[in-house]
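Chemist: Take a look at the letters that make up each chain.
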Amino acid sequence: MMKVKRTNGFLWPVIVAIICSFTLMVPVPGFGAGKTIVIGGSLPLTGAYAETGQWIEKGMLFWAAEINAKGGLLGRNVEFKIYDDQSDVSKAVTFAEKVITVDKVDLLFGGYPGTAARAVMPVAEKHKFVYVSMGGHMKSFEQGYTYSFGAPPLMGEWWYEGFFHWLATVPADKRPQRAAVYTINNPVGLSLTDSIERWTKKLNIQIVINEKYNAPLTDATAMIVKAKQSKCDILFANGFFPDGVTTMKAAKALDYNPKIIVQGVGSVVPAWVKELGKDGDYVFSGTSLSGQLKYPGNDKLNAYTKKTYNLNEYPLYFGFGYAWMQTLEQAVKGAKNLDQTKIRDWLKTNEVNTIAGPMTFDKRGLPEPINFGTQIINGKVELISPKRVQTKEPVYPKPAWKK
Amino acid sequence: MDAVLIIQSLISGIMMGMVYALLGVGFSLTWGVMHVINISHGAFGLLGAYMAYSLLQYFGVDPIVSAAVSVPLLFLVACGIYQLLIRPITRAQNVVMASMILTFGLAIILENVMAIIWKADPRVLTPTYSSGALILGPFYFQYPHVVGFGLSLAGITAIYLFLKKTYTGMAVRAAWQQPEAARLYGVNLYWISMITFALAVSTAGAGGICLALLNSFEPHSHNLWLINLFLVVIVGGVGNVIGTALAGLIIGVITGLSMAFLPFLWVNLVTFGLLMIFLIFRPHGIFKQEGI
Numbered sequence: 001m002m003k004v005k006r007t008n009g010f011l012w013p014v015i016v017a018i019i020c021s022f023t024l025m026v027p028v029p030g031f032g033a034g035k036t037i038v039i040g041g042s043l044p045l046t047g048a049y050a051e052t053g054q055w056i057e058k059g060m061l062f063w064a065a066e067i068n069a070k071g072g073l074l075g076r077n078v079e080f081k082i083y084d085d086q087s088d089v090s091k092a093v094t095f096a097e098k099v100i101t102v103d104k105v106d107l108l109f110g111g112y113p114g115t116a117a118r119a120v121m122p123v124a125e126k127h128k129f130v131y132v133s134m135g136g137h138m139k140s141f142e143q144g145y146t147y148s149f150g151a152p153p154l155m156g157e158w159w160y161e162g163f164f165h166w167l168a169t170v171p172a173d174k175r176p177q178r179a180a181v182y183t184i185n186n187p188v189g190l191s192l193t194d195s196i197e198r199w200t201k202k203l204n205i206q207i208v209i210n211e212k213y214n215a216p217l218t219d220a221t222a223m224i225v226k227a228k229q230s231k232c233d234i235l236f237a238n239g240f241f242p243d244g245v246t247t248m249k250a251a252k253a254l255d256y257n258p259k260i261i262v263q264g265v266g267s268v269v270p271a272w273v274k275e276l277g278k279d280g281d282y283v284f285s286g287t288s289l290s291g292q293l294k295y296p297g298n299d300k301l302n303a304y305t306k307k308t309y310n311l312n313e314y315p316l317y318f319g320f321g322y323a324w325m326q327t328l329e330q331a332v333k334g335a336k337n338l339d340q341t342k343i344r345d346w347l348k349t350n351e352v353n354t355i356a357g358p359m360t361f362d363k364r365g366l367p368e369p370i371n372f373g374t375q376i377i378n379g380k381v382e383l384i385s386p387k388r389v390q391t392k393e394p395v396y397p398k399p400a401w402k403k
Numbered sequence: 404m405d406a407v408l409i410i411q412s413l414i415s416g417i418m419m420g421m422v423y424a425l426l427g428v429g430f431s432l433t434w435g436v437m438h439v440i441n442i443s444h445g446a447f448g449l450l451g452a453y454m455a456y457s458l459l460q461y462f463g464v465d466p467i468v469s470a471a472v473s474v475p476l477l478f479l480v481a482c483g484i485y486q487l488l489i490r491p492i493t494r495a496q497n498v499v500m501a502s503m504i505l506t507f508g509l510a511i512i513l514e515n516v517m518a519i520i521w522k523a524d525p526r527v528l529t530p531t532y533s534s535g536a537l538i539l540g541p542f543y544f545q546y547p548h549v550v551g552f553g554l555s556l557a558g559i560t561a562i563y564l565f566l567k568k569t570y571t572g573m574a575v576r577a578a579w580q581q582p583e584a585a586r587l588y589g590v591n592l593y594w595i596s597m598i599t600f601a602l603a604v605s606t607a608g609a610g611g612i613c614l615a616l617l618n619s620f621e622p623h624s625h626n627l628w629l630i631n632l633f634l635v636v637i638v639g640g641v642g643n644v645i646g647t648a649l650a651g652l653i654i655g656v657i658t659g660l661s662m663a664f665l666p667f668l669w670v671n672l673v674t675f676g677l678l679m680i681f682l683i684f685r686p687h688g689i690f691k692q693e694g695i
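Line order of the protein sequences matches chains F and L.
One point on numbering: in the numbering used here, the residue at position 88 of the first sequence is 88, and numbering is uninterrupted.
Numbers given in the numbering used here equal positions in the second sequence, counted from 1, plus 403.
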């Protein structure tokens, strides 16, 4: 049995809000008493990033159930102390401090999104706690932190690498020539532009429109009209799910048919396919993890999510939650105790094997760039690049919208 | 600057603005008539959106038709909430502050209830016409925008006529303008307040459906909607139906023009700059005359 303590964090001065906080504290059956290893931190279980946060939690809990069934970590059961940071970065920082200094947990787990991970990294460094997460973006790994690891990371700067590697294989005369780039104005969105700038120069694609917008994006009509009028034949919609949907709906309604639509991080969440259906097809993106990879463990996770959630492939962030814990598990086993510095040093000098593949870490705590190009084809996220992992030939150019 | 881009942005902005006006009109009414700032107003709108989503997904009911179910239902729910929660706080010394704290809690409860029922996954309302458009020359009238605009216009007109032409509506206005005098003339303020609150919540439901036709939504989306609610109400004037409608249109026009002329990053700066200007120079909103 597993025990997860989910605490909301602050009390409201009125009764109604106290009642409300009860609704946030959903108890989950707990596991073993005794001298357990407590792994603490926070996830966005409510608020803007709740969908993703809840999948990460499920992936972590699956890992915990699995390791406890095998006799635990260092012979001790593991349990999580998970706070709900309500998708608030400042709360994620507060909870990171709390689990280390007040709850005195044995290990720290990685948070989400990148903005939260970025903010927790200095806290982990200050207290000399190993922090395995997606990381914020490249800059967060260039601050000289020695206890933070991206394993696997979700680097915005690498996000489109796989896609561009595929695009480079398209004959130059058949490639798109004019790009419209719309980017959400936050660290994750801005980090996505890094590979666009590098690769468009390399492939002689002219960036005709390069604009940023603030969330929430309530209407994308003007964006699409500008791109259409400028005859842009490749559209980069560097955003999340809500703005991605708004952009796609406007593109279809205004009958804008570029050769390629590339979407940021919104198109790889299960809701994209489920909610947009056929309209979500043919969108390119990237990932650093997929249930279709052939590394050990992926089939097991797919079977579990099929049985439990009736999903043909595990959701991306379920996999991330699991993979981060796999890394931490191997480091603890390698260090043979819970000494944070020994765990860190083991990670710095050894290879870990996760569902995202084998990886070793450089001084920054990052592995070699990991990225796979993706395209949604017939309602499924397919791997299109590199060739060795390809699950389907990409559809290019994108077929016109079906009315 | 391309005329097509400007006009297309204007069309889109006006239609979007009208949807915010419908969502805001009830917020404005409860604030004006009852001095209740209902922070949970957007959450009720979201509830309407989720009801429309479920009715469409499971029964194939068009969102417009589903409004015929969710709006009366929300009216009844709101009557119960008024009786249970709102009425007691109207006796508080500072109704505005008490209502804000209470309805803030109510919004969080509603958000969590929606998260439990519909999960945290983002949803998209996709009736058959969701990505279609009526094409007139170089201009595209996106069907969801047209439907949202039409429904909002009808909703606001209905509220306006109700307040102007019916006895109950006139009683609401009387309660807003001269509560003591209205009481002396036999207006039951309790009854009127309950109707106002229920009417406001049900219009929020209709507004939520319209907004869900345009954007995806999640259990926390009401927080984002709330920002625009404050915007239309402050610009339009608290308790002013026509002012709120006009404010929606003005904000739509400004947003549309900003998107056509300026970098997209400036749109919020311009829109909220407008809010600040109104707060400084016209704290009562567009019209000098207060009220409905």
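Think of the hints as simulated: they come from the structure by calculation, not from any bench.
Ideal placement from N, C-alpha and C gives every residue a C-beta, glycine not left out.
Keep in mind that a hint or two might mislead.
Taking lysine-lysine and the DSS-like style, the derived pairs with C-alpha atoms no more than 30 Å apart in a straight line are [said to hold, decoys possible]: (1) F:LYS333 <-> F:LYS380; (2) L:LYS568 <-> F:LYS58; (3) F:LYS278 <-> F:LYS98; (4) F:LYS342 <-> F:LYS128; (5) F:LYS139 <-> F:LYS128; (6) F:LYS139 <-> F:LYS278; (7) L:LYS522 <-> F:LYS98; (8) L:LYS567 <-> F:LYS380; (9) F:LYS81 <-> F:LYS202; (10) F:LYS278 <-> F:LYS126; (11) L:LYS567 <-> F:LYS300; (12) F:LYS70 <-> F:LYS58; (13) F:LYS274 <-> F:LYS104; (14) L:LYS522 <-> F:LYS307; (15) F:LYS259 <-> F:LYS300; (16) F:LYS104 <-> F:LYS126; (17) F:LYS387 <-> F:LYS35; (18) F:LYS278 <-> F:LYS128; (19) F:LYS306 <-> L:LYS568; (20) F:LYS81 <-> L:LYS568; (21) F:LYS307 <-> F:LYS98; (22) F:LYS139 <-> F:LYS212; (23) L:LYS567 <-> F:LYS278; (24) F:LYS35 <-> F:LYS128; (25) F:LYS259 <-> F:LYS126; (26) F:LYS202 <-> F:LYS231; (27) L:LYS522 <-> F:LYS274.
To be clear about the criterion: a stretch of chain F counts as covered by chain L if any three or more of its residues have a C-beta under 8 Å from a C-beta of chain L, and this derived list gives those stretches [as the list claims (entries may be wrong)]: (28) 121-132; (29) 236-245; (30) 248-256; (31) 318-331.
Chemist: Give a verdict on every hint.
Modeler: Hint by hint, here is what the structure shows:
no.: 1; hint: F:LYS333 <-> F:LYS380; in the structure: 37 Å, violated
no.: 2; hint: L:LYS568 <-> F:LYS58; in the structure: 56 Å, violated
no.: 3; hint: F:LYS278 <-> F:LYS98; in the structure: 45 Å, violated
no.: 4; hint: F:LYS342 <-> F:LYS128; in the structure: 11 Å, holds
no.: 5; hint: F:LYS139 <-> F:LYS128; in the structure: 20 Å, holds
no.: 6; hint: F:LYS139 <-> F:LYS278; in the structure: 37 Å, violated
no.: 7; hint: L:LYS522 <-> F:LYS98; in the structure: 28 Å, holds
no.: 8; hint: L:LYS567 <-> F:LYS380; in the structure: 54 Å, violated
no.: 9; hint: F:LYS81 <-> F:LYS202; in the structure: 47 Å, violated
no.: 10; hint: F:LYS278 <-> F:LYS126; in the structure: 48 Å, violated
no.: 11; hint: L:LYS567 <-> F:LYS300; in the structure: 66 Å, violated
no.: 12; hint: F:LYS70 <-> F:LYS58; in the structure: 18 Å, holds
no.: 13; hint: F:LYS274 <-> F:LYS104; in the structure: 41 Å, violated
no.: 14; hint: L:LYS522 <-> F:LYS307; in the structure: 19 Å, holds
no.: 15; hint: F:LYS259 <-> F:LYS300; in the structure: 37 Å, violated
no.: 16; hint: F:LYS104 <-> F:LYS126; in the structure: 15 Å, holds
no.: 17; hint: F:LYS387 <-> F:LYS35; in the structure: 47 Å, violated
no.: 18; hint: F:LYS278 <-> F:LYS128; in the structure: 48 Å, violated
no.: 19; hint: F:LYS306 <-> L:LYS568; in the structure: 59 Å, violated
no.: 20; hint: F:LYS81 <-> L:LYS568; in the structure: 59 Å, violated
no.: 21; hint: F:LYS307 <-> F:LYS98; in the structure: 36 Å, violated
no.: 22; hint: F:LYS139 <-> F:LYS212; in the structure: 20 Å, holds
no.: 23; hint: L:LYS567 <-> F:LYS278; in the structure: 47 Å, violated
no.: 24; hint: F:LYS35 <-> F:LYS128; in the structure: 23 Å, holds
no.: 25; hint: F:LYS259 <-> F:LYS126; in the structure: 48 Å, violated
no.: 26; hint: F:LYS202 <-> F:LYS231; in the structure: 21 Å, holds
no.: 27; hint: L:LYS522 <-> F:LYS274; in the structure: 14 Å, holds
no.: 28; hint: 121-132; in the structure: violated (count 0)
no.: 29; hint: 236-245; in the structure: holds (count 3)
no.: 30; hint: 248-256; in the structure: holds (count 6)
no.: 31; hint: 318-331; in the structure: violated (count 0)
Checked against the numbered hints above, the structure violates hints 1, 2, 3, 6, 8, 9, 10, 11, 13, 15, 17, 18, 19, 20, 21, 23, 25, 28, 31; every other hint is satisfied.
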